[in-house]
Amino acid sequence: MMPRVLVGEDELRAATALTPETLSQYLSYTGWAPEQHLERATLWTRREDDGDFQVLVPGDRTLRDYASRVSDFLTTVAAVEERSIRLLLDDLETSGADTLSFRLLPSGPSGTIPLFNAVDALAGVRELVVSSAYALTIEQPMLVQGRRPESALDFARTVRLGTPRAGSWAIAAQLAVPRVDADAAPPLARQVSLQMHRAVRACFAASGEALREFDLELFLRRTGEGVSANVCDALAKLGRDGVPYDVRFNWARELPSSMPARSFRFSTRRIEALRTAAEQLKVAVPDGEVTVEGQVSKLRRDIGEGGQATVRGPIRTIYGSSERSVRVMLPDTLYQRLVDAHGRRQHVRVTGTAVRGRIERVSRVEVLDGTAEA
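For reference, each letter of the sequence shown is one residue, going 22 to 395 in the working numbering.
Careful: at least some of the hints might be erroneous.
In silico EDC-like cross-links for lysine to aspartate or glutamate, where the CA-CA straight-line distance does not exceed 16 Å [unchecked claim]: (1) K303 <-> E381; (2) K303 <-> D236; (3) K319 <-> D361.
What follows is a set of in silico ranges between Cβ atoms, one per label pair, in the way DEER data are often shown [claimed, not checked]: (4) H58 <-> Q161: 47 to 57 Å; (5) P335 <-> L174: 16 to 26 Å; (6) G309 <-> R168: 24 to 34 Å; (7) A144 <-> H58: 46 to 56 Å.
Everything labelled a hint here was simulated from the structure, so no lab data went into it.
Quick reminder that beta carbons are idealized off the backbone N, C-alpha and C, glycines included.
With these hints in hand, go ahead and build the complete structure from the sequences.
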């Protein structure tokens, strides 16, 4: 846990403008619980693996020592969360936006980071937002997202980044959440925030399990929770060269969420597992039933009966879909159908069982009406 730090004059001035209700709402969203109501304050408790922590929230801004009590609040909460008071204040003051804070922990002078690490970190944040926005528009998970629609990019353009802060190197992405009626559907920004939370949480769990022994299955079985090559790659970019980092979620206070605010610490070893998963997911054809639809690009007659064909296009598996080339092993009659389709430049749909990256035991070949462009 980071040591307690003093509250600066500017920070204290900003903090004393916050109401007790704001302080209490923040605690309730971040894992604290009220334990005891005193005469003019409330005692809150948070349980962690290394012990229980307590903080007092003053109940009235007219108290003569209100500033002192808020100062104690800031130093305690910042120490428990292991981050600077300035970053804590940013979250307390931002009531109309969901905030994702990324705190990188590189070696070197406080508040600085190598140039390429900063560039990759920003690219990682962008990819995380875009891929999460796109994931909300598709029915089936995608192992690899291809070209994203303009709507996903348009949403990403509405996200604002705060100025990097010292005390490590931290940036905050703010997703403005408009006010809606209590019975209305969540606005798009909240849906994207929740999708990012699910994806980051799933990648955190998978990368933790992969520390014992890497197995792509650990990531594949969480594609329904948001894991994809794009998300794994985004999180790996945030930790370029193995630089550890934290991701923290805070929900807009104007639109409470039942999902607890949470932070995730990605260590050097977790980052390496994510990088490996991203690389393998980009080319993966998981074992099991698979369908590929596209154009035949290569043909090869095997010795004896049957042959091989390469089909490029969308691939649907039990874990999700992607777009790539896959080799197909066919008996003679089905192989000849692909030969004819290749000569006519027709698209085909092949269904079979994937084994070690190629489709075997083909059960169905359909020649589609569409003709590929020359």
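Verification of the supplied hints:
1. Using a Cα cut-off of 16 Å, the hinted pair K303 and E381 is violated, with the two alpha carbons roughly 21 Å apart.
2. Straight-line distance between C-alpha atoms of K303 and D236 comes to about 15 Å, which keeps the hinted pair within the 16 Å bound.
3. At most 16 Å may separate the alpha-carbon atoms for a hinted pair to count; K319 and D361 meet this at roughly 13 Å.
4. Checking the proposed 47 to 57 Å range against H58 and Q161 shows it holds: the Cβ atoms sit about 50 Å from each other.
5. Take P335 and L174: their Cβ atoms lie about 21 Å apart, and the range 16 to 26 Å holds.
6. G309 and R168 have their C-beta atoms about 26 Å apart, which keeps the hinted 24 to 34 Å range intact.
7. The hint said 46 to 56 Å for the Cβ distance between A144 and H58, and at roughly 48 Å that hint holds.
Going through the hint list in order, the structure does not satisfy hint 1, though it satisfies all others.
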